[in-house]
Amino acid sequence: MKILLVEDNLPDAVLLRELLRSDWREPPELVHAIDMSDALRCVQREAFDVALLDLSLPDAFGDETFRRLNRQAPNLPIIALTGLDDETLATELAQAGAQDYLVKGHLDAGILHRAIRYAIERKRAEEKLRLAATVFESTLEAILITDANGAIISVNRAFCDITGYSESDVLGRNPNLLQSGRHRRGFFRKMRDALGRKGQWQGETWHRRKSGEIFPTWMNVSAVGYANGEVSHYVGVFTDITDLKHSEERLDYLAHHDTLTGLPNRLLFHERLREAALHARQNNRIIALMFLDLDRFKIVNDTLGHTVGDELLAAVAERLRNSVRASDTVARLGGDEFAVVVSDMTDGSDIAHRAQKIIDTLSSAFSVGGNEVFVTTSIGITLFPNDNGEWSKMVENADVAMYHAKQQGRNNYQFYTAEMNACAYDQLMLETSLRHALERDEFVLYYQPQIDMPSGDIVGVEALIRWNHPELGLVPPNDFIPLLEVTGLIVPVGEWVIRTACRQVRTWLDEGHPPLTMAVNLSARQFREQNLKSNIAAILAETNIPANLLELEITESIVMENVQETVEILRQFKDMGLKVAIDDFGTGASSLSYLKSFPVDTLKISHDFVLNLPADNDDAAIAKAVITLARNMSLGSVAEGVETSEQMDFLRLQQCERMQGYLFSKALPPEQMAALLEERRRAAAT
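Taking UniProt numbering, the leading residue of the sequence shown gets 1, the next gets one more, and so forth.
Be aware that a few hints might be false.
[Stated by the list, open to error] Derived lysine-lysine pairs resembling BS3-like cross-links, with alpha carbons at most 30 Å apart:
(1) K190 <-> K574
(2) K198 <-> K128
(3) K210 <-> K245
(4) K596 <-> K190
(5) K190 <-> K245
(6) K298 <-> K666
(7) K128 <-> K596
(8) K596 <-> K533
(9) K574 <-> K245
(10) K210 <-> K190
(11) K357 <-> K393
(12) K128 <-> K2
(13) K393 <-> K406
(14) K298 <-> K393
(15) K198 <-> K574
(16) K533 <-> K198
(17) K357 <-> K406
(18) K596 <-> K210
(19) K123 <-> K104
(20) K198 <-> K596
(21) K123 <-> K2
(22) K406 <-> K298
(23) K533 <-> K574
(24) K298 <-> K357
(25) K574 <-> K596
(26) K104 <-> K2
(27) K198 <-> K245
(28) K245 <-> K596
What the hints contain is simulated information worked out from the structure, not anything from laboratory work.
Can you build the whole structure from these sequences, using the hints too?
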């Protein structure tokens, strides 16, 4: 501790010095100034914890003595010393900011020590209060404080700016003056329950400005209480997320609609199909799914150009839209493939007539790009629940039927039959073999490099599982991972993947390679497995690798299944030091207002959005939006499936941080990946 003593009387100074040296564990450093001029030079030159100021100096007297030193060092706690016990002067000094007023003749070491300690503590408390007040008024988030009964006692400037209310408008009133009327009564009951149980609530709310305008907010409410647990105040903090909601709606539209035709895309199509099937099962109805593929569309594209081809697709979409009921769904699945969901039928007797109507509608000439163009279509049809009773199989069944229509000469429709799906037996045999694959050590991991764009270095890899079947050879993941999910084998196999990947990181580190981030995919079932955290901790301890080298990838749909549970699990991962990435971001239905509460590090752009870059305006807009969102939220961005230099150039222009795909390297077995790393290391050394 450093103390400034301002005292012109030498005996008093000696006495004070002696009092200061006694009863301290570590005697304070004392700097002695004999007058105000000397004191002012001292505080300009160095910092002090407290000042002991005699009010009677050769060049200053009384309260002016305090005011001069306080002006020069406003953050310095000052204790006034005087030979007179003057209550009026003591009051004036306290009002001016003095921490204490001591009469020299009444001093002992205990009094002086307490005064110094209290002065420093009070000054720190004042600074904290001053800082809190500054933050309260300068923050861009609206803040309101109520008493325990809910009466508003304080609001900040941002609250007034956002709501349009002045402070005098709201003081003493209940915050329900902001209620928009959009929330049901149960919403506020749950909020109160959360405050009672946890002392905190956060979520998306709708408020009403003084003008009557309703606007969305992200709000946190906390209960502030006494030491005995009794609530004294409530503090509400909210942000106007109107712009964020607009961005969310735009991104959601781009993610679920085809820009060229305005039709639902594959993602929204699957949602609509699932909803229609659920409604049909509950109400004993039938739905039909028609898969359409334009015959010889490629010839139009190749001869007349992609612009004319796009015009034709838009015109086809318009005719399809006009040929079905408003309750039916027409979707573009990609390229020249369309789908129609005909819902809420009592039977399927007229579906053939509907299919023929579509064929006839599309058979008329199209006028596009100054050309008269004719196209035909092949249609595959499946009925739910008639065809094996599973809505999830409808897409597969309709696709099989559509290709059968192609084989029958095109420009016709075909209904799905069980004979078209003779591979079901093979699938059963595959599942049987899969149940023994782990114990027989038939799984292997391949590693696909992730490239840092600014440097071109390999900074990470994604671990991708392969099944080395003794008879079939390498089985593609899409053929066996769904079976792992269905059978529950995904949990032990997923643990094997994490352990094997971490062991590989350990091996590369031991071989002298630079640390690489190892990305591992988690399934929904694995993500919510109770023992996942402890298993990962044990694997990290076993392999002795830094936790931040393991990146867990979860899909957007997983994080939105149970938001509160997801946030808690992700926080546990972050507490362990792990990295977290949201895979295939933009393909699900996440809320951007929730995203800011997820403790994640990286957003990964799906291969589906990269595939047609930069030509596809829809995909380009989505990719750009995801990269911009990641950058604005200080998150990393990774693009998957980069296969062409044009895709790379577009993504690099948008400042995508990392990329992976065949343009750089396919997924490699461990020995080839090690060779690639060694080759890179030797190249860097030359």
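Okay, the hints, checked on the actual structure:
1. K190 <-> K574: Holds. K190 to K574 sits at ~28 Å (cutoff 30 Å).
2. K198 <-> K128: holds, 26 Å
3. K210 <-> K245: holds, 21 Å
4. K596 <-> K190: Given that 30 Å is the threshold and the Cα spacing comes to 22 Å, the pair holds.
5. K190 <-> K245: Status holds; Cα separation ~23 Å.
6. K298 <-> K666: This hinted pair holds, its Cα atoms lying about 29 Å apart.
7. K128 <-> K596: holds, 28 Å
8. K596 <-> K533: holds, 23 Å
9. K574 <-> K245: The given pair, whose Cα atoms are some 27 Å apart, holds under the 30 Å limit.
10. K210 <-> K190: Since the Cα atoms of K210 and K190 sit roughly 26 Å apart, the hinted pair holds (cutoff 30 Å).
11. K357 <-> K393: Holds, because 25 Å separates the two Cα atoms, which is no more than 30 Å.
12. K128 <-> K2: holds, 21 Å
13. K393 <-> K406: holds, 20 Å
14. K298 <-> K393: holds, 28 Å
15. K198 <-> K574: Holds. K198 to K574 sits at ~22 Å (cutoff 30 Å).
16. K533 <-> K198: With a Cα-Cα distance of about 24 Å, the restraint between K533 and K198 holds, given a limit of 30 Å.
17. K357 <-> K406: holds, 18 Å
18. K596 <-> K210: Answer holds: K596 to K210 is near 28 Å, not above 30 Å.
19. K123 <-> K104: Measuring from Cα to Cα gives roughly 22 Å; hence the hint holds.
20. K198 <-> K596: Holds, at roughly 21 Å.
21. K123 <-> K2: holds, 15 Å
22. K406 <-> K298: Distance ~15 Å between K406 and K298 Cα, so the pair holds.
23. K533 <-> K574: With Cα atoms ~11 Å apart, K533 and K574 stay inside 30 Å; holds.
24. K298 <-> K357: Since the Cα atoms of K298 and K357 sit roughly 24 Å apart, the hinted pair holds (cutoff 30 Å).
25. K574 <-> K596: Cα-Cα ~15 Å, so holds.
26. K104 <-> K2: Measuring from Cα to Cα gives roughly 21 Å; hence the hint holds.
27. K198 <-> K245: Satisfied, since the Cα-Cα distance of roughly 28 Å is no more than 30 Å.
28. K245 <-> K596: Status holds; Cα separation ~13 Å.
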